[in-house]
Amino acid sequence: MADTGIPHFCNDLGVTVIEVGSKEFMCIGAKPPFDHPHIFIDLGDDDEHVCPYCSTLYRYAPALAPGAAKPEECVWHDEPVAKSAA
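Numbering follows my numbering, with no gaps: position 17 of the sequence shown is 115.
The hints are simulated quantities; they were obtained by calculation from the structure and are not laboratory data.
Note that CB positions come from ideal geometry on N, CA and C, so glycine has one too.
Hints should not be assumed to be uniformly reliable.
[Claimed, not checked] Quick list of simulated restraints, FRET-style, between CB atoms:
#	residue 1	residue 2	range
1	P135	A161	16 to 22 angstroms
2	C152	H175	15 to 21 angstroms
3	P131	P160	18 to 24 angstroms
4	G112	H175	30 to 36 angstroms
5	A161	F132	28 to 34 angstroms
6	P131	Y158	25 to 31 angstroms
7	P160	P135	15 to 21 angstroms
8	A161	G103	19 to 25 angstroms
9	F132	P169	31 to 37 angstroms
10	D110	R157	32 to 38 angstroms
11	H136	E170	16 to 22 angstroms
12	L111	D176	27 to 33 angstroms
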């Protein structure tokens with residue numbers, strides 16, 4: 099869930115590289131319902147990591163704010179499901 103404080107990123111655009119401003123984050127692949135298992139990625143001392151599910155290359159970009167991404171469309175915000183009126 100995106101409300102845990104850990105940024106979530108998606109790749110509906112199909113880009114090869116997503117630059118991120120966080121060293122710890124979740125890759126969800128595409129947006130739900132087409133997402134893959136949400137993978138926690140910790141870059142540690144590294145600046146790049148490839149998601150084992152969708153092969154997106156994540157690259158740390160310290161100029162970006164924590165939780166931000168380039169392209170910006172790759173930041174995923176979990177939106178509550180609308181309840182239908184009974």
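Comparing the hints with the structure gives:
no.: 1; hint: P135 / A161: 16 to 22 angstroms; in the structure: 30 angstroms, violated
no.: 2; hint: C152 / H175: 15 to 21 angstroms; in the structure: 19 angstroms, holds
no.: 3; hint: P131 / P160: 18 to 24 angstroms; in the structure: 34 angstroms, violated
no.: 4; hint: G112 / H175: 30 to 36 angstroms; in the structure: 20 angstroms, violated
no.: 5; hint: A161 / F132: 28 to 34 angstroms; in the structure: 30 angstroms, holds
no.: 6; hint: P131 / Y158: 25 to 31 angstroms; in the structure: 29 angstroms, holds
no.: 7; hint: P160 / P135: 15 to 21 angstroms; in the structure: 28 angstroms, violated
no.: 8; hint: A161 / G103: 19 to 25 angstroms; in the structure: 21 angstroms, holds
no.: 9; hint: F132 / P169: 31 to 37 angstroms; in the structure: 18 angstroms, violated
no.: 10; hint: D110 / R157: 32 to 38 angstroms; in the structure: 18 angstroms, violated
no.: 11; hint: H136 / E170: 16 to 22 angstroms; in the structure: 20 angstroms, holds
no.: 12; hint: L111 / D176: 27 to 33 angstroms; in the structure: 19 angstroms, violated
The structure is inconsistent with the numbered hints 1, 3, 4, 7, 9, 10, 12, although it conforms to all the rest.
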